[in-house]
Amino acid sequence: MNYKELVNKPQKFAPGHRSCAGCGFPPIVRTVLASTDDPIVAACATGCLEVTSTIYPFTSWGIPFIHNAFENSAATISGVEAAYNALKRKGRIPKNKKIKFVAFGGDGGTYDIGLQSLSGALERGHDFTYILYDNEAYMNTGIQRSSSTPFGASTTTAPAGKVHQGKEEWKKDIMQIVTAHHIPYVAQASVHNPIDLSMKAEKALNTPGPAFLVVLQPCTLGWRYHPSMTIDMAKMAVESNFWPLYEVENGKYKLNYKPSKAIPIVDYLKPQGRFKHLFKPENKHLLDEMQKKVNERWDELVKKCE
Amino acid sequence: MTNSPKTKALTGAQAVAQAMRQINPDVVSVFPITPQTAIMMQFSQFHADGLVETELVRVESEHSAMSCCVGASAAGARAMTATASAGLALMWEILGVASGLRLPIIMPVVNRALSAPINIHGDHSDAMGARDQGWIQIFCENGQEAYENTMLAVKLAEHKDVMLPVMVCQDGFITSHGVQNVNLFEDKVVKKFVGDYEPKKWLLNTDDPVTYGPLQLQDYYFETQKQRADAMLASKKIYLEIGKELSKITGSNYPLFEEYKLKDAEAVIVVMSSTAGNTKVVIDKMRAEGKKVGLLKPKLFRPFPYTEIAKALANKKYVAVLDRSENYGANAPLFGEIKNALFDSVVCGDKDVCVPKLKSYIFGLGGRNIFESDIEDVFDVLLSDNFDNKVGYIGLRGEEK
Amino acid sequence: MTKLKTYKEIPIGGMIEKAGSSAEFKTGDWKAFRPIWNKEKCIHCMICPVLCPEDCIPVIKGKDPKRKETDFDYCKGCGICEKVCPVKCIKMVTEGSEECKEKGGDKCD
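Protein chains in written order, with numbering that gives the first Met the number 0: chain A, 0 to 305; chain B, 0 to 400; chain C, 0 to 108.
Hints listed in this document are in silico derivations from the structure and should not be mistaken for laboratory results.
Built from N, CA and C at the ideal position, the CB exists for glycine as well.
Treat the hints loosely; a few may be bogus.
[Stated by the list, open to error] Partner residues aside, some chain B positions facing chain C, computed with beta carbon under 8 Å:
no., residue
1, 162
2, 211
3, 340
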């Protein structure tokens with residue numbers, strides 16, 4: 000869908016939610032929900048999205064929604080989908096009524112504490128779409144390191160200091176983990192490109208069986224950049240090859256976007272406070288390592304997409 | 000009208016699986032743990048043979064088993080799972096979600112010791128660890144009770160004034176793997192009794208979208224907890240009402256607790272589950288010897304029938320409470336409740352209640368056997384009128400009698 | 000502020016029965032900056048309504064949709080609309096400033 004088609008869709012995620020000014024996930028949620036005309040039921044892991052969108056007695060959700068706990072949005076949606084199959088068989092839901100099932104989770108709720116629940120649901124083959132909004136740390140609790148936090152980033156549990164320079168491990172490759180489940184559709188997208196995102200969401204939602212979508216969602220508070228820069232940050236992540244847009248459809252890799260000339264990783268890191276310490280002269284080698292890693296991962300991916 | 004049942008030799012686990020087959024739940028999540036697995040293996044076979052229409056979800060952990068039930072129940076389905084020990088412990092977080100969201104999930108629990116050290120045998124530490132999570136807990140003496148209470152639990156959980164999840168507990172191995180005669184009632188009779196689950200609000204009713212599980216802060220969380228507490232209290236009366244209805248099918252009674260030769264007893268043992276059965280045998284023997292001994296077997300542990308139990312224990316001289324779990328640094332769970340019940344009555348000026356002399360015993364941890372002679376010893380201690388208020392340990396080496 | 004309800008008046012389990020009710024909660028007073036939209040310059044490309052986190056840029060739907068003035072009841076003043084606008088027809092100004100009053104009119108507090 001293009002922008003004009005997107006705005007013509009009915010509103011399923013209302014304003015009045017309490018995410019920070021400049022938050023990246025509302026456009027992700029709205030774009031995903033706009034990508035099907037079928038009714039949707041959503042489950043959501045504990046995290047910024049759930050907390051800011053369901054402050055009692057208000058909800059932003061215009062669709063049936065359930066929040067269960069932090070680590071189990073995939074298991075929760077499994078139960079909802081199983082109920083759908085059972086009740087359809089019993090005739091309590093009309094045979095021809097289609098419902099789409101979506102589970103949302105942040106990076107903490109997906110890469111870390113919810114990984115087992117996700118893996119189980121993928122393996123069981125429930126017909127659902129998992130949307131991972133990846134802001135690269137436990138933002139809801141105050142910017143703690145997750146296994147999605149990139150190398151070098153300073154977080155409140157792996158801060159930059161006199162001895163340690165932020166996170167010392169590389170970001171976990173969730174796409175590979177999910178792809179290894181051999182589910183029909185796996186894709187990586189970014190909030191700055193809603194057209195690509197809605198194309199992927201549409202595919203994911205219309206794929207029978209499990210589908211997975213990870214969307215980069217810059218976080219103004221956690222990444223420490225000006226709230227107006229959310230979309231620009233996401234764009235730079237893609238332009239630097241740090242966050243390639245690609246999909247794996249029935250095992251086949253496809254690169255959705257190739258920058259004509261990738262920008263240096265430092266251009267992406269520079270505006271972000273979480274990487275500020277890396278720009279001290281004595282940390283130059285860390286920036287070099289990051290550039291090297293980005294290049295390596297990109298080359299690997301390009302090879303897979305050939 | 001009592002329907003003629005079919006008597007079968009079944010283990011407690013199989014008896015519950017039969018109840019589940021007859022209930023034919025919409026969604027059942029399955030995860031193995033000893034000694035519960037026997038239920039789910041049997042139920043899975045029913046599923047494989049096409050005897051149930053249930054959606055089986057073979058989850059990857061008990062945490063997901065309960066999470067899946069929460070999703071299914073909120074979606075509008077009748078959802079069940081079963082567990083034991085570490086499995087129940089792993090679910091702990093989601094137990095509170097299930098009751099907090101007021102979802103009538105039914106869960107047979109095959110009581111087993113908790114780690115560490117790891118032990119697979121029967122004790123009540125698992126259910127006692129989960130006793131304050133807003134679940135109704137029914138403890139069963141044998142396979143027959145487990146079978147019938149599983150049906151009762153469905154109607155109780157789904158009652159509009161209850162809407163709470165229910166655990167139906169039986170003793171690991173002793174009951175779950177012991178073969179007993181179980182009277183099974185006709186499928187159509189059971190199906191008619193449990194009826195259909197028709198929630199007012201459900202996720203799959205996409206024309207009426209609701210939000211389950213929001214963030215409630217200082218302004219509303221408290222109100223929601225009060226509702227849950229009230230529903231728990233209300234469930235006591237509804238349990239009795241549904242029990243009366245079930246009686247018409249089974250001919251059995253479903254009181255809050257069972258009294259066995261209690262009326263004129265001087266010395267009383269309070270104990271739950273399978274050990275109550277052994278206690279009855281001992282009572283018969285001692286009664287024949289002219290000793291006034293009796294039993295009070297709590298069936299409903301949550302909500303706990305304080306007032307009714309206090310009345311039943313009124314004017315008894317001696318009461319020993321036998322707990323099959325420790326409560327490190329505090330009164331053992333059942334003992335604590337009995338003591339609470341009696342204290343309340345006295346403080347409230349209930350003139351009909353005079354407080355008996357109490358003794359707390361711990362027994363059977365990790366499946367340690369308790370023998371009829373042990374139970375007889377307890378009665379003898381009570382009747383001797385010569386005992387202190389220290390906790391007694393039955394069958395523990397190094398402990399003097 | 001709506002009157003808080005008692006435990007006897009609310010649905011059980013904390014359920015929220017009114018979908019999309021957060022619209023009753025106005026977040027407009029969060030903003031320190033205000034987007035001033037130049038209607039004449041706008042090409043109605045629909046990028047800002049899609050990317051606005053608050054969904055507070057109303058649109059007249061249709062084959063050729065048109066955006067309207069920002070709904071300041073919800074706008075948190077993040078400035079994303081200004082950044083993503085391809086024709087630079089949105090300018091963020093400090094809330095309450097002279098410039099704001101000048102360009103935003105009496106709606107500017």
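Structure-based check of each hint:
no., hint, verdict
1, 162, "holds, 6 Å"
2, 211, "holds, 6 Å"
3, 340, "violated, 26 Å"
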